[in-house]
Amino acid sequence: MALEIGSGLTIGLILGVVIVVAAMLIWVERRLLSFWQERLGPNRVGPFGLLQVVADMIKIFTKEDWVPPFADRLSFVIAPAIIMIVILLSFAVIPFAPNIGVVDSNIGVLFVLAMASLGAYSVMLGGLSSDNKYALLGSLRAAAQMVSYEVFMGISLLGVVALSGSFNLRTIVEAQEGMWFVIPQFVGFVIFLIAGVAESHRLPFDIPEAEQEICAGYHTEYSGMKFGMFFVGEYLGLVLVSSLITVLFFGGWMGPAFLPPIIWFAAKAGVFIAFFILLRAAIPRPRYDQLMSYGWLFLLPLSLLNLLITGVVILST
Amino acid sequence: MYKLIKDTLISQVVTLWGVFMKLFTKADTVQYPDEQPYMFPRWRGRIILSRDPDGEERCVACNLCAVACPVDCIALQKAEKEDGRWYPEFFRINFSRCIMCGFCEEACPTNAIQLTPDFEMAEYIRQDMVWEKEDLLIDGTGKYHDYNFYRVAGMQIKNKDKGEALNEAPPVDVRSLLP
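Respectively, the protein sequence lines represent chains G and U. End of the first sequence = 299 in our numbering, gap-free, step of one. End of the second sequence = 230 in our numbering, gap-free, step of one.
The set of hints was computed from the structure by calculation and includes no laboratory data. One thing to keep in mind: the hints can contain errors.
[As the list claims (entries may be wrong)] Only part of the chain G face toward chain U is listed, based on derived beta-carbon distances under 10 Å:
| hint | residue |
| --- | --- |
| 1 | Phe17 |
| 2 | Phe257 |
| 3 | Leu261 |
Note that beta-carbon positions come from the ideal geometry of N, C-alpha and C, so glycine has one too.
Just chain G, same shape as in the assembly (with noise of 0.2 Å):
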C-alpha cells in the first residue's frame, strides 16, 4: 500500500498520528503554559517530562468509570463518544499533503462546518443527562455559544470559497499557489480564528466548562476514561481548527521545496495550536452576555462586510 489518498496505509497513519499529537497536546499545553507563566511545567517523568502525557493516560484509564445513578444511561455514555467521533470525521477531508489525505471531496468546507454542529450534540447531552445544575448551565451556555459562532465561522469562510471558487479544500489549497489567503482575506481570517477558538471552547471562550463559576461546566459528573474523551476531543478540536486555518488561509502544505509539503502542514498548524495555547495564557475569559453580544453585534456584521466587500472585488475585476 502506497502513501495516497484515501489508501489504508494513509487513514491508519492520520487516526494514529492525530490521536497521539492530540494527547500530546495534554504535556506541550502544560509546558508551554508555565513558561507564559514563568513557571517550568511538568518536567520530572521522563525527558522533559514527555512521558507526563503516559502517566496521565495510566491514572485515567485505571480511574472508576462512573455513571451517577441519576443520570440518563444511553445518552450520558453516547455524550463523550459524540465530540470524538464528529472531529475525527472532520479530519477527513483535511488536505494534510498532496498524496495524504482520507477523502477528496467536493464539499470539504460544508462537511467541516456539519460536523462542527453536530459537536454541538455532545455538549448538549452531556450536560443534559448528567441531571446536574452545573453541567446544565454548562451545557445551556455551549449550545448558545456554539449554534451563534457557528454562523459567523461559515459566513467568514465564504470569502475564502468565492476566491478559490470551490467548496474542495484541496482546491483551496492550490488556489493559493501565488498568494495566501490571509491577506486578501485578513479580516476572514480573523473572525474565523475567535469562532474557531469559540467553536472547540478553549480557554478565552471556555464559558460552557468555566471553571471558577460552574466546576466542570457539561463535563461536572464525567470521570475516567469518558472525562478523557472530552478532554482529549477538546485537544482535537483544537488541532483540527488550526489545521483549518492552516488549510484555509495559510496555504497548507505549501512551502519553499527544501521541506516535505507534511512538514510544512505540520509547522503551520503547530505555529496555530502554540497560537492557541499563548491565547490561553494571556486572555481572560470575557462574560457571557458580553461573548454573545460580541458575536452577533459585531462579528456578524463584519463578516457580512468582509463578504459583501470581497464579492465587489471578485466581480469587479
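Add chain U to chain G, keeping to what the hints say.
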C-alpha cells in the same frame, strides 16, 4: 467604533505580545529536591528542645507551651531533681498535628523550645510523627547561646539561694529596721 476595536483587538494583541515575551524570562521555580531553597534563620520549622550553656536541659516543665499550643500537640509531665530543678519527665510533640505557629517558642520562659529552619519531616507511618524528648533534645543552645535560666532567675534551687542570680540583689530582709 474605534474604541470598540481598541478594546477588543488592540489591547488583546498587546497582552498576547507581553505574555509571549515571558518565554524568554527565567522561571521563578526552585526545583526543590535537586536544588535546596534558602531557608531563613527565623523560619518556623521542626521544633527542638535546647540545652543551656552548661549542658543541662533548659526546659523547666512549666507547661506554658502546652497551654499556648492552639492544636494541643504538646504533652509533657513535670518532674523534680534533688536540687530542686524542674524538668520534663516526658516531652512529646505530635508533629502530625503541629501547625508550626511558633506560639510555644514565644510562650517559653526559658528559651528551651525553639523552631528551626528544617521542614523535611514527612513520614510514611503516622506514629513516626510523634517525637519524644530524646528525639527533640539537641546538644547545643539553639538560637540563644548565653542564656541560662537558673543563673538569671530568682528561683531558689540547691547551691543557689534567692538573690544570687545574675543582675539580682539579695532579697530585702523585711524584719530588719535598717534602711
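Does the nearest C-beta of chain U fall within a distance shorter than 10 Å of the C-beta of Phe257 of chain G?
8 Å, holds
A closest beta-carbon separation below 10 Å is what the hint needs, so does Leu261 of chain G meet it against chain U?
7 Å, holds
With a cut-off of 10 Å on the beta carbons, see whether Phe17 of chain G makes it to chain U.
Phe17 of chain G check passes; min Cβ-Cβ to chain U is 5 Å, inside 10 Å.
Comparing the model with each earlier hint shows no violations; every hint is respected.
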